[in-house]
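Enquirer: Using the sequences plus the hints, can you model the full thing?
From first to last, the protein sequence lines are chains R and X.
Mapping of the first sequence onto the numbering used here: residues 125 to 203, in sequence order.
Mapping of the second sequence onto the numbering used here: residues 597 to 1017, in sequence order.
Keep in mind that the hints were calculated from the coordinates and are not lab data.
Beta carbons: idealized from backbone N, C-alpha and C, even for Gly.
One thing to keep in mind: the hints can contain errors.
Taking CB as the label site, the calculated pair distances span [to be verified]: (1) R:Glu146 / X:Asn734: 38 to 44 Å; (2) R:Glu147 / X:Gly790: 47 to 53 Å; (3) R:Glu140 / X:Thr992: 47 to 53 Å; (4) X:Leu680 / R:Glu128: 28 to 34 Å.
Straight-line C-alpha distance at most 27 Å; calculated DSS-like pairs for lysine-lysine [claimed, not checked]: (5) X:Lys638 / X:Lys822; (6) X:Lys677 / R:Lys144; (7) X:Lys968 / X:Lys996; (8) X:Lys926 / X:Lys822; (9) R:Lys151 / X:Lys677; (10) R:Lys151 / R:Lys127.
Chain R residues, not near chain X, derived (Cβ > 10 Å throughout) [what the hints assert, rightly or not]: (11) Glu128; (12) Glu140; (13) Lys144; (14) Gln149; (15) Phe150; (16) Asp153; (17) Arg157; (18) Ser167; (19) Glu194; (20) Glu201.
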Amino acid sequence: MNKEQVFEVITRHVCEVIPKLEEYQFKFDDSMRDLGANSIDRSEIIMMTLESLSLNIPLIEIARAENMGELASILHEKL
Amino acid sequence: MKSSEQSKLVVSGVGVTSSIGQGKSEFTSALLEGKHNFSVMKRPGRQYSPSQKDNVDNLQQSTSFLGAEIPDLSMPDSIPKGLLRTASFSAQVALATLDEAWNDAKLHDVDPKRIGLIVGGSNFQQRELVQTHQAYQNRLPFVRPTYAMSFMDSDLCGLCSEVFGIRGFAYTLGGASASGQVAIIQAIQAVESGQVDVCIAMGALMDLSYWECQGFRALGAMGSDKYATEPALAARPFDQNRDGFIYGESCGVVVIERSSAISRKDIMLYARLSGCGMGMDGNRNPNPSLDGEVDVIETALNQSNLRAKDIDYINPHGTGSLIGDETELKAINLCGVSHAHINATKSIIGHGLSAAGAVEIIATLMQMKAGKLHPTRNLHDPMESSFNWVQSESITHKIKNALNMSMGFGGVNTAICLQNL
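Expert: This is how it looks when you write it as structure tokens:
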């Protein structure tokens, strides 16, 4: 799985949690917070993504991600 | 309830979701026709399925509990889809049912700080919990963060207050199978005391998993051994051949306020809440108490300033329980109200447990409005032939004063009198 595919997994879960973003064209520098995801939404999206990727890692390791692209990079490195 | 105040309390809105229909009009026409949806239950988590385990011993443990499930839940567009993803089935039904009552009573025109919500029931999301535990049994680190919110019954209060903007108060209250009526009684008191102007009482959908079904069967409370292969015949309150209650999914919402305080236009008032009674038996067990039932009926009649002969319709608790039904008929006899027309809503929709008290108040209100009484399914051989049963067909009757009872495990007794306006 490459970084783009990890990014797609993230965006799929963002849409599940915030259905109004279904038509939205996601970019690497999008921030989930700016797209309307509150802290509960963000933790839910991250957990769903980790489950989809079967990645059991401490959440602290992904806390430094500034945007969705960085999140995809960090997760991709852990695969 | 103070007699000077009681005449002013009315029901100004209702919402109902059940196995025979969603919304008051669908519910009422199905009720009057005696339609039903009893079958072997199919909702995931309602039956123990041996295929879940590879142990051969488990093959003998498969279950086929009977009940009446809601066929299709339709969610109003006004409820945000993002919220529904993490809302339990009980919560989704609560939102849809409250939406009906909210619009019925036009509550968008009431100061949200003067509206309260009481959700009757406790531990009502059991099937969701079992489903989650099963799904994450071997994936514990991936349990969704929102599980920490949704496992609580009070999540319904959070969801409902967010969606509808309720700012007064919202809490859950448990009274076992009397929860719906206890919520209504508490709502009456909240309006009477001036805590809020409008109080919404909900009987929440109790979402049983196969664990609770098995427990109720083991206790001898839930039927049906006699009608295991004939689900349509299993729910038979007050019939000589009854063998326990049959579960039914439902949720009921009742809006209570003072008629004199309503300034909104075009509000249909359903009935006056003329009196109520609640009392405990001092008994943790499920068995009923004749004294306890008689007490609450008499309290409700006294508060209503009614004599026994004034009651012309009874909507009893009537579950199909062997001792429960017998005790209830004795209480009706002792209170001198056995002349009144009587039917059993649970013969049509099953036993909603936490929801039952509220849904049966709505069934009473709908019959009052329709000028008709619904049939009692499967009442072929009534335990007391001298009672004024509505049996296989609905009848025309304009209710003046109705008496409605609920009983719950742990010695809970409630009774409410409703007066036609």
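Enquirer: Find the nearest Cβ of chain X to the Cβ of glutamine 149 (chain R) and say whether that gap is larger than 10 Å.
Expert: Its Cβ never comes within 10 Å of chain X, the nearest being 20 Å, so this holds.
Enquirer: Can you confirm whether the C-alpha distance between lysine 968 (chain X) and lysine 996 (chain X) stays at or below 27 Å?
Expert: 12 Å, holds
Enquirer: Report holds if the minimum CB distance from serine 167 (chain R) to chain X is greater than 10 Å, and violated otherwise.
Expert: 4 Å, violated
Enquirer: Given the hinted pair lysine 926 (chain X) and lysine 822 (chain X), is their alpha-carbon gap at most 27 Å?
Expert: With Cα atoms ~25 Å apart, lysine 926 (chain X) and lysine 822 (chain X) stay inside 27 Å; holds.
Enquirer: Between the alpha carbons of lysine 151 (chain R) and lysine 677 (chain X), is the straight-line distance 27 Å or under?
Expert: 24 Å, holds
Enquirer: Does glutamate 140 (chain R) clear chain X by more than 10 Å, comparing its Cβ with all Cβ atoms of that chain?
Expert: Its Cβ does come within 10 Å of chain X, the nearest being 6 Å, so this is violated.
Enquirer: Taking the minimum C-beta separation from glutamate 128 (chain R) to chain X, is that value above 10 Å?
Expert: At about 23 Å from chain X, glutamate 128 (chain R) clears the 10 Å cut-off, so the statement holds.
Enquirer: Does the no-contact call for phenylalanine 150 (chain R) survive, Cβ to all of chain X over 10 Å?
Expert: 17 Å, holds
Enquirer: Can the restraint linking lysine 677 (chain X) and lysine 144 (chain R) be considered satisfied, given a maximum Cα separation of 27 Å?
Expert: 9 Å, holds
Enquirer: Just want to verify: glutamate 201 (chain R) was marked as not at the interface with chain X; is every Cβ pair farther apart than 10 Å?
Expert: 19 Å, holds
Enquirer: If I take the minimum Cβ distance from aspartate 153 (chain R) to any residue of chain X, is it greater than 10 Å?
Expert: 23 Å, holds
Enquirer: For lysine 144 (chain R), which was marked as not at the interface, is the minimum beta-carbon distance to chain X over 10 Å?
Expert: Contrary to the label, lysine 144 (chain R) does not stay out of reach of chain X, its closest Cβ about 8 Å off (not over 10 Å).
Of the hints listed earlier, those the structure fails to meet are numbers 1, 12, 13 and 18, in rising order.
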